[in-house]
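Position 188 of the sequence shown, counting from 1, maps to 200 under my numbering, and the rest follow consecutively.
Quick caveat, the hints were computed from the structure, so don't treat them as lab data.
Keep in mind that a hint or two might mislead.
[As the list claims (entries may be wrong)] Computed cross-link-like contacts, SDA-like style, restricted to lysine to any residue with a CA-CA straight-line distance of at most 25 Å:
1) 193 - 175
2) 37 - 48
3) 217 - 152
4) 100 - 191
5) 214 - 200
6) 100 - 80
7) 33 - 79
8) 217 - 155
9) 214 - 89
10) 100 - 187
11) 33 - 59
12) 33 - 182
13) 37 - 124
14) 33 - 66
15) 21 - 77
16) 100 - 202
17) 21 - 56
18) 37 - 55
19) 94 - 137
20) 21 - 71
21) 37 - 114
22) 61 - 40
23) 214 - 158
24) 100 - 178
25) 100 - 203
26) 61 - 124
27) 100 - 71
28) 21 - 44
29) 100 - 168
30) 217 - 156
31) 61 - 75
32) 100 - 206
33) 94 - 140
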Amino acid sequence: MSTINVREKLLEVAGPVFSEKGFEKATVREICQKADVNLASVNYYFGDKEQLYLEVICLAKQMGVSRAPLPEWTENTPPEQKLEDWVKTLVRRMLGTGELSWSNHLIMREVLRPTRACEHLVQELFRPFVNIADNILLEILGEDVPDHRRMQCVFSIAAQCQFYRVSGGLVTLMLGEEEQKTHYNTEQIIEHILQFSLSAIKNLKHEYLSSEMESSSSLNQI
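Could you put together the complete structure from these sequences and hints?
In structure tokens, the structure reads:
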């Protein structure tokens, strides 16, 4: 097996192992046995288990982005359309299934039980993606809505998406498989989150516009 193939094989095997057991419980021995390579291979190609884990995290990030990329927008794209695309992208990344589902699970494990690798995810994946949503909401809400309220909206939208990833099994237990399959498929979840979020965002905008009008009216009466 060539040097490149050994390295790729270790990454390929380590992903599902780390996803299932986490960084602490996964062992270099198990990874090397599954990859059918020498026990010293991890140290040779990656330095140590932590560096292997970081590279697996990077691979998981790349898989998620390539599986559900954001579309390219023009200067004429309405912000509501951008928000719809953003929600679709996040839900599809979180709910991705099939042979690459280990990457979603591993990233979610990092969110719930952060290791040092989570710093990389924050800087390279989460923060840039959140900033995109923040700019979209700035277009919708305008500058009168404070930054912290706008970011709270972003987190609230993301939390709805995350709920169906973390609590999908609970939803099925509460509603039953038939109800879940009928009304909670990926596209229906996206539609609900978008409608619910846009209603809240528009209500927030109306709240601040009304507040401004009241303040202006009070000043005029003085």
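Task: In rising order, the numbers of the hints this structure does not comply with - done: none
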